[in-house]
Amino acid sequence: MIRSVAYAKAVLAGMAGAMTWEVVARLLIWAGVPFFDLVMMLGTLVLPHAPAWEAWLAGMAIHLLVGAIWAVFYAYFFWSVLPLHPALQGMVFAFVPMPLAIFIMHPQFDLMHPLVQSGQFPSSGLFGLSGGAHEPLSIATGHLIWGTVLGLLYTRPVGYRANRAPRLIRRAIGARPPVSSAAEPTDHRFMFATGIECSYPTLEGGRWRMDQMAACGHYRHWRTDFHLVRDLGLRYLRYGPPLHLIHRGPGQYDWNFLDEVAAEMQRLGIVPIMDLCHFGLPGWLQNFQNPEVPQALADYARAFARRYPWVKLYTPVNEMYVCAKLSALEGLWNEQRRDERAFVTAVRHLARASVLMMQAIAEERPDAIFVNSESGEFYQACCPDPEIRRIAAFENERRFLPLDLLYAHPVHEDTRAYLLQHGMSDAEYAWFMQQDVRSRSILGVDYYEWNEKLIDSTGRAQTLGELFGWYAIAGQYYQRYRRPMMHTETNRMDARDGPRWLWRQWHNVQLIRQTGVPVVGFTWYSLTDQVDWDIALREPLGNVNPVGLFDLNRDPRTVGLAYQHLVRLFGADLNEAPSIEAVLDEASKIAAQKVRRLHA
Amino acid sequence: MLRMLRAHGLDAGPTQRPLLAGAIAGVLAAAPALAVLIGFQALDAPARAAGASVFAAALAYVGLMLLGGILYGWLFQRAANDPRGGWLFGMAFGFVLWMLGPVPLLQWLPDQPILHGYPAAGLLLAQLLWGLAMGVVFPAIHRHLHVSLENRPSSAFQSTGPEAVAQTQMLRPLPPSGRPPR
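Sequence lines, in order, name chains R and X.
If you read the first sequence in this note's numbering, its first letter stands for residue 7, the second for the next number, and so on.
If you read the second sequence in this note's numbering, its first letter stands for residue 71, the second for the next number, and so on.
In short, the hints are calculated from the structure, not lab data.
C-beta atoms are modelled at their ideal positions from N, C-alpha and C, and glycine is treated no differently.
Be a bit skeptical, because a hint or two may be false.
[As the list claims (entries may be wrong)] Covered stretches of chain R, going by a simulated chain X footprint (3 or more residues, C-beta under 8 Å):
no., region
1, 103 to 116
2, 350 to 360
3, 468 to 480
4, 506 to 519
[Said to hold, decoys possible] Computed beta-carbon distance windows for the label pairs:
no., chain 1, residue 1, chain 2, residue 2, range
5, R, Gly255, X, Ala236, 50 to 56 Å
6, R, Arg273, X, Pro250, 47 to 53 Å
7, R, Arg422, X, Pro250, 52 to 58 Å
8, X, Leu215, R, Leu33, 49 to 55 Å
9, R, Asp591, X, Leu145, 38 to 44 Å
10, X, Gly171, R, Pro57, 34 to 40 Å
11, X, Ala210, R, Gln258, 38 to 44 Å
12, X, Leu145, R, Pro57, 20 to 26 Å
13, R, Arg273, X, Val97, 36 to 42 Å
14, X, Leu215, R, Ile596, 37 to 43 Å
15, R, Ala139, X, Asp114, 34 to 40 Å
[Stated by the list, open to error] Which residues of chain X face chain R? A few of them, derived with a C-beta cut under 10 Å, are:
no., residue
16, Gly155
17, Ala162
18, Gly187
19, Tyr188
20, Ser229
21, Ala234
22, Ala236
Full structure from sequences and hints, please.
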């Protein structure tokens, strides 16, 4: 599947185009302009001796049907291919069916037509050109009208208006008893995981919701998806329930969908790493500039932990740095701001939310484990220019900013000045430095081919590809925070290279473990292909990115088989790895020793 | 375009059987198409032109549609498994086959077109119906033909096993080194 197609929208757009074509044709014919009457030609082909209105109806039905079918074809193969205004894209696409209609369909219809065969209608000849220029010109004009209308109407095939929920979620599932606590899973050791892609940022000033669970078909196929996880031999699943559909208002939660999902997870023995906030917020909370966000998310986390007391693994806020950067610095999502102050505000709110959520969950479930997943970033200066080096150094400090606040790690003095300049008071900074939520934390470092960047001679960041790799980048994060680590996301946009990339990432994990870094998990993200991540979800185009262990038809990709192979090959060895509790204890001891050494 | 499609991961994976699924779907879909062809008497004129019986023409049609199904599976591979889009891919493929096969062979190349009137319409309808039916049944058939994840062949291991990490497209290829002594 190349694209995620909005079928109803495509059919309606195609029919609207065909309708417009007929309206224009009818007006011109009534005005005496020599214009080819396609609808009547089709109608009399089917009903040659019927009254004119019946023939017109039959012809119109065929015309609408053909218009709709070509529109679905457009939606699958042509939409968003050209960097043009949608109306122009549709018009250009009209040049595909146009020659077929002029040179093949029209003359073939003549051969089929009983009234042409009986001589009552003129024939257009073998290639449709012997009846004069007006017929091919009429057909060409009609196609251009159809294509333009189609292009105008078929836009935004994925996502939905932010104030409307997808149908499945809205459907009343009926009152269900709360999910009871199930038997506690045995101790967790090395976690081979995958994830369900679940991002839900808003675009267009908060009016349009990009919902990956909807775009990737998870709301339709969630049961199948869980079975696929187990088929691969996996047990751990990074799962982000749709916050925007559950948290309906202050103190209002709609757990219907998640109750069913959670029950199925328990039945299948899937251990979720619950990802409570993934790049978006409910409409009523607006965006990450809102100071009410941290407390609202903490309330949600507390309610969540009460509702599902068997859930032990949590990611409170996913990739805080990326979320703040793309929302408030690059202007792509949510608040869509492009200024440093907005970025610092988003970071403050995200980090505070994360701290409060961890505290709220820990109050409900003191043995909860937190997987703080963050994007592993690195900036390399291209040249010895002091300004370029300064930019790279600044970015290399800024990448740590949300985690520094979360883990109460003092920031670099330049970064401290930057925070102060852009709205973080000394008191707020001191509050972060006084929190201690680390003791039950695993640091997740995500890694993709675009995470390492070059600061070029103009001071801009360009993607480097895999230069130093996860081993080196994750190592920097470990040196800074000394937390147990997990490789929490990776994938490859070129499906052919997926298995190679998977094994390379795995060897990075093995190497860093050999150096004594406690890595407790590995994740291929995600279970299925994703939609529009090649453009960082900045437009609702519907382009499918073949990064999944399974495609969107839920057929396995080669990388899915490779991951299954990997888990089989290394799973037995890693079952002997220390338990995560033991790793957390060990990390706490090391941290305590470090504190004692500092005091000494 | 083909490179883009390959990068897109449309290649069928080692657990899939697109050619076999295409062959079966092509033959199955030929049944309703044959009914249309017979109903519109679209086989009579071609059979006469070839000096064969209608039955022989029908058999030839089924054989050609078997090949068409295999071609469909080979071309569309993973995309053919799409239950939502299969009907469209199939119908488009049926239309293209009609355009590239019967239209030049029966209508353009002979001195006079062989099919006129309803038989000509029947042939187009039959091809569209064949494509539609094949596109619809293909995913369902293919699902039954998938080699299960548990029982996939060992030949798949080269593309999925640890050796997948090896760089094989280097400008200076080296033979694998010998095993070191114990």
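Okay, the hints, checked on the actual structure:
| no. | hint | in the structure |
| --- | --- | --- |
| 1 | 103 to 116 | holds (count 3) |
| 2 | 350 to 360 | violated (count 0) |
| 3 | 468 to 480 | violated (count 0) |
| 4 | 506 to 519 | holds (count 5) |
| 5 | R:Gly255 to X:Ala236: 50 to 56 Å | 55 Å, holds |
| 6 | R:Arg273 to X:Pro250: 47 to 53 Å | 50 Å, holds |
| 7 | R:Arg422 to X:Pro250: 52 to 58 Å | 54 Å, holds |
| 8 | X:Leu215 to R:Leu33: 49 to 55 Å | 54 Å, holds |
| 9 | R:Asp591 to X:Leu145: 38 to 44 Å | 58 Å, violated |
| 10 | X:Gly171 to R:Pro57: 34 to 40 Å | 37 Å, holds |
| 11 | X:Ala210 to R:Gln258: 38 to 44 Å | 43 Å, holds |
| 12 | X:Leu145 to R:Pro57: 20 to 26 Å | 45 Å, violated |
| 13 | R:Arg273 to X:Val97: 36 to 42 Å | 41 Å, holds |
| 14 | X:Leu215 to R:Ile596: 37 to 43 Å | 54 Å, violated |
| 15 | R:Ala139 to X:Asp114: 34 to 40 Å | 37 Å, holds |
| 16 | Gly155 | 6 Å, holds |
| 17 | Ala162 | 6 Å, holds |
| 18 | Gly187 | 5 Å, holds |
| 19 | Tyr188 | 7 Å, holds |
| 20 | Ser229 | 6 Å, holds |
| 21 | Ala234 | 4 Å, holds |
| 22 | Ala236 | 8 Å, holds |
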